[in-house]
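A.B. asks: Spelled out, the chains give:
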Amino acid sequence: MPDVMELVYEVSNEDFTRAGEASSDVKRKLKKLGIPSDVIRRVSIALYEGEINMVIHAYGGKVTVTISEEAITMVLADKGPGIPDIDKAMEAGYSTAPDNVRNLGFGAGMGLPNMKKNSDEMNIETQIGVGTTVTMTVKL
Amino acid sequence: MDLYGNSVYLLENQCKGCTNCIKHCPTQAIRVRNGKAVISTEKCIDCGECIRICPHHAKKAKRGFIDAINNYDYSVALPAPALYGQVNHLEDVNILLTALKAMGFDDVYEVSAAAEIISRESREYITSHREKWPIISTACPTVVRLIQVRYPDLMDNLLPLITPAELAARQARARAVERTGLPPERIGIFFISPCPSKVTAAKSPIGYKHSDIDCVLAIKDLYPILVSTMGEVADHPEDLAISGKIGISWGITGGEAGGLLSDAYVAADGIENIIRVLEDLEDDKFSSDLEFIELNACNGGCVGGVMTVENPFAAKAKMQALRKYMPVSATHNVKTYPYDAEWTDNVEYMPVFELADNLKDSMAKMSEIEALCKELPGLDCGCCGAPTCRALAEDVTRGVAKKSDCSYVLREYLHKLTDDFHELNQI
Ligand SMILES: Nc1ncnc2c1ncn2[C@@H]1O[C@H](COP(=O)(O)OP(=O)(O)O)[C@@H](O)[C@H]1O
Ligand code: SF4
Ligand code: SF4
Ligand SMILES: [Mg+2]
Chain A
1 MPDVMELVYE
11 VSNEDFTRAG
21 EASSDVKRKL
31 KKLGIPSDVI
41 RRVSIALYEG
51 EINMVIHAYG
61 GKVTVTISEE
71 AITMVLADKG
81 PGIPDIDKAM
91 EAGYSTAPDN
101 VRNLGFGAGM
111 GLPNMKKNSD
121 EMNIETQIGV
131 GTTVTMTVKL
Chain B
1 MDLYGNSVYL
11 LENQCKGCTN
21 CIKHCPTQAI
31 RVRNGKAVIS
41 TEKCIDCGEC
51 IRICPHHAKK
61 AKRGFIDAIN
71 NYDYSVALPA
81 PALYGQVNHL
91 EDVNILLTAL
101 KAMGFDDVYE
111 VSAAAEIISR
121 ESREYITSHR
131 EKWPIISTAC
141 PTVVRLIQVR
151 YPDLMDNLLP
161 LITPAELAAR
171 QARARAVERT
181 GLPPERIGIF
191 FISPCPSKVT
201 AAKSPIGYKH
211 SDIDCVLAIK
221 DLYPILVSTM
231 GEVADHPEDL
241 AISGKIGISW
251 GITGGEAGGL
261 LSDAYVAADG
271 IENIIRVLED
281 LEDDKFSSDL
291 EFIELNACNG
301 GCVGGVMTVE
311 NPFAAKAKMQ
321 ALRKYMPVSA
331 THNVKTYPYD
341 AEWTDNVEYM
351 PVFELADNLK
361 DSMAKMSEIE
371 ALCKELPGLD
381 CGCCGAPTCR
391 ALAEDVTRGV
401 AKKSDCSYVL
411 REYLHKLTDD
421 FHELNQI
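Protein chains in written order, with this note's numbering: chain A, 1 to 140; chain B, 1 to 427.
Bound conformation, chain A alone (with noise of 0.2 Å):
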């Protein structure tokens, strides 16, 4: 019997009304798994943010949601461009979010917040041109 289970996206970039297909399904998921509410919240939430940012800043990439009785961790792996200045991309209202994609309201600069306001840990690994990995952690 397992004690973790792994649940794998792929993020396409191709179509921006596809991205938050993983996050449906992973709340779809965790609400059958009878978890808490407000922690599938809070997954839902962290995960549709991340999801986008892959879309609009990276070229899409790999969701892995590895579920245990501990906790639910979600990394989201991409191969874009990087981020330069990670403490500056955490502050609130910071984006660099071209005008079109303003335009159908995403830019607002407050995904990554919210990722580290809905999660319990948080951690960026980025490398400039080759990628961004983000890891989220919500405890049970």
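In silico DSS-like cross-links for lysine-lysine, where the CA-CA straight-line distance does not exceed 30 Å:
no.	chain 1	residue 1	chain 2	residue 2
1	B	Lys132	A	Lys31
2	A	Lys32	B	Lys403
3	A	Lys31	B	Lys209
4	A	Lys29	B	Lys132
5	B	Lys285	A	Lys29
6	A	Lys32	B	Lys402
7	A	Lys29	B	Lys43
8	B	Lys374	A	Lys79
9	A	Lys116	B	Lys285
10	A	Lys117	B	Lys285
11	B	Lys360	A	Lys29
12	A	Lys116	A	Lys88
13	A	Lys31	B	Lys23
14	B	Lys374	B	Lys360
15	A	Lys32	B	Lys36
16	A	Lys139	B	Lys365
17	A	Lys139	B	Lys360
18	A	Lys32	B	Lys360
19	B	Lys23	B	Lys62
20	B	Lys203	B	Lys36
Sample of chain B residues facing chain A (criterion: CB under 10 Å; computed from the structure):
no.	residue
21	Tyr151
22	Asp283
23	Leu355
24	Met366
25	Glu370
Because the hints were derived from the structure by calculation, they are not lab data. Everything numeric in this text was worked out from a predicted model, so none of it was measured. We put the beta carbon where it would ideally sit given N, CA and C, even for glycine.
Once you have looked at the hints, place chain B with the ligands on chain A.
C.D. replies: Below, chain B with the ligands without anything else, positioned relative to chain A:
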């Protein structure tokens, strides 16, 4: 015991097992077993989608019939606002109300009149509960049931007020007791409903223990007689109408929200649309200034209920024409009897979709489901009796179906058997 007491049921001899309904059920509550549709009562939210879709008319709504007025000494009809959208060229609501009396009821009490009181109560509740914004309407019992089984996080946003039909029933009984001096139980309260969902709500109310509605009739059952009776009374209508625009508008989408006299609302109708709104609400995707969310399970609002007769869009147009020259509200001219519109019971989440009662077992089941899904063809054809391959996988892990219920799995198995048989023959 039928704990949830839902009102949609199957006429077994008419069901062909065609699987149309299982595909359209928003909560995946139906399976075809041994060639017949089976509804899981704990998952059914009485939306009526399967009644709409069944090509063989095998799905029906439990409801009462008008001859039940003979069980009472005095009977009052409570027409839902949606009823007004069913008849052509209705210029005076009094004609319709007088016709109801001519059909055998001793009195009528418009649900739309009670709706105006509920609009006022809602305004008060919303203004004094800013911390619960956006508040979600509870007038459509299907919406409340859906939230109750699927959106635990939104339970706290529900507007904890009885429905207009319920308040109308209580007011009508009080008025009848006053007028007749009869004991309350000798008075029959008959709600004329657009949908099975409201039949269920009268039987097993959510938020309070007992409903004052004694019997729920279907708009479509009364319709033929109503229309012909209206012709008979058209030139001498009694003065019975007691509601205005705000009340009447509750029958169409946006009407309830309109009665709040604020623009900070969202109104969505149709089961797929309301699910999208609820999913987004759960993820905080709406602005925090939003005060109210009106949700109606049926397209167009209650005029689209499955027990109505008119096309919902035509019905909406008729209601708009009808209300044009009405006063905004009329209830302030009407005597109201003491009432308490707030829910008296706690409404709790019902986790009917969870896989097991602890995380470890749930995870084991989910892993099994994932593994099984990989072995199924992913066609979601419905031949196994489940709406999707994933639903079959879940049924198998719950022990209520077999993997070989899938025709493709079975065929492969048979192929293998015949191959083995050939090999044996060649030895
Ligand atoms: N995966 C990523 N790859 C590259 N840059 C990123 C990534 N995620 C975030 N960023 C950078 O961090 C900034 C702030 O991100 P965020 O707080 O989500 O705001 P927004 O997405 O609205 O711009 C972004 O504008 C972008 O410059
Ligand atoms: S739609 Fe459902 S109830 Fe109607 S015949 Fe087909 S399986 Fe039976
Ligand atoms: S929208 Fe109205 S008619 Fe449709 S299910 Fe809800 S209450 Fe009934
Ligand atoms: Mg962002």
